[in-house]
Amino acid sequence: MTSASGYSKKDTDLGARARYDRANAEGGVNGRRIDYLGAEDDGQDPARNLAAARKLVQQDKVFAVSPMSSVAFSGADFLDGQRVPTVGWGTLPSFCGPEHIYGFNGCLVPTPGGTLNQTWPEGIAQVLGGAKGRSVALIAGDNDAGTFGIRTFTQGFKAAGFAVPYAKAVVPATSVPSDWSAYTG
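Sequential numbering from 693 applies to the sequence shown in the numbering used here.
Please note that a few of the clues may not be correct.
[Said to hold, decoys possible] Listed next, the in silico DSS-like pairs over lysine-lysine satisfying Cα-Cα at most 25 Å (straight line):
#1 LYS860 x LYS850
#2 LYS824 x LYS860
#3 LYS753 x LYS824
#4 LYS753 x LYS702
#5 LYS747 x LYS701
#6 LYS850 x LYS824
[As the list claims (entries may be wrong)] What follows is a list of derived Cβ distance ranges for each label pair:
#7 ALA710 x PRO857: 42 to 48 Å
#8 ASP871 x VAL819: 29 to 35 Å
#9 LYS824 x ALA710: 29 to 35 Å
#10 ARG725 x THR811: 35 to 41 Å
#11 GLY773 x ASP871: 39 to 45 Å
Derived from the structure by calculation, the hints contain no laboratory data.
Each residue gets a CB set at the ideal place from its N, CA and C atoms; glycine is no exception.
Using the sequences and the hints, build the whole thing.
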């Protein structure tokens, strides 16, 4: 729900709680109530994400984890290995393939031999009147999600016809820069 950069997904918890309360008011799922325990805050930190997954399974004895909305989903292998159904936004490779990990809209990332979602790159090309002769610089946080995003968006923009002369995950993920001029140009 929090991060060193100030980015927050705190309202995800409120939305999940409201949806589960509605399901319970309508009789539950196949007659079973959902006992929503609330959210764990991993601070977008991989070590804390894995620790939260272990706590939820080993201490809280959860049946499922939903929604999983961190950019640091290092608990995926553990949850899948424990056969805990886990649902979230399928924007990380962890949502593509494991038997017990599900993306709300499936797997939204390119997998080897798979297809790439071109919505953003093609939409930007359309707004600009085409990508020919245009370039895009990409920058992301210096973490696993940022590195993955750089790889996938570079592929997407190149496939849409843009040149991508700069694409790096260099923004410190552990502290907010006080001067952003090094990252803008």
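A quick look at each hint next to the structure:
Note on LYS860 and LYS850: the hinted pairing holds, with a Cα-Cα distance of about 15 Å set against a maximum of 25 Å. A C-alpha spacing of about 22 Å is found between LYS824 and LYS860, which places the hinted pair at or below 25 Å, so the restraint holds. With a CA separation close to 54 Å, the supplied pair LYS753 and LYS824 exceeds the 25 Å bound. The suggested pairing of LYS753 with LYS702 holds, with an alpha-carbon distance near 23 Å, which does not exceed 25 Å.
For the suggested pair LYS747 and LYS701, the alpha carbons sit about 20 Å apart, so the restraint of at most 25 Å is met. The hinted pair formed by LYS850 and LYS824 meets the criterion: a straight-line CA distance of about 11 Å does not exceed 25 Å. The hinted range of 42 to 48 Å is satisfied by ALA710 and PRO857, whose Cβ atoms lie roughly 45 Å apart. Evaluation of the 29 to 35 Å hint for ASP871 and VAL819 yields a pass: the beta carbon distance comes to about 30 Å.
Between LYS824 and ALA710 the beta carbons are some 46 Å apart, a value that contradicts the proposed interval 29 to 35 Å. In this structure, ARG725 and THR811 meet the distance hint of 35 to 41 Å, their C-beta atoms being roughly 37 Å apart. A C-beta distance of roughly 43 Å is found between GLY773 and ASP871, which places it inside the suggested range of 39 to 45 Å.
Hints 3, 9 from the list above are not met by this structure, while the remaining hints are.
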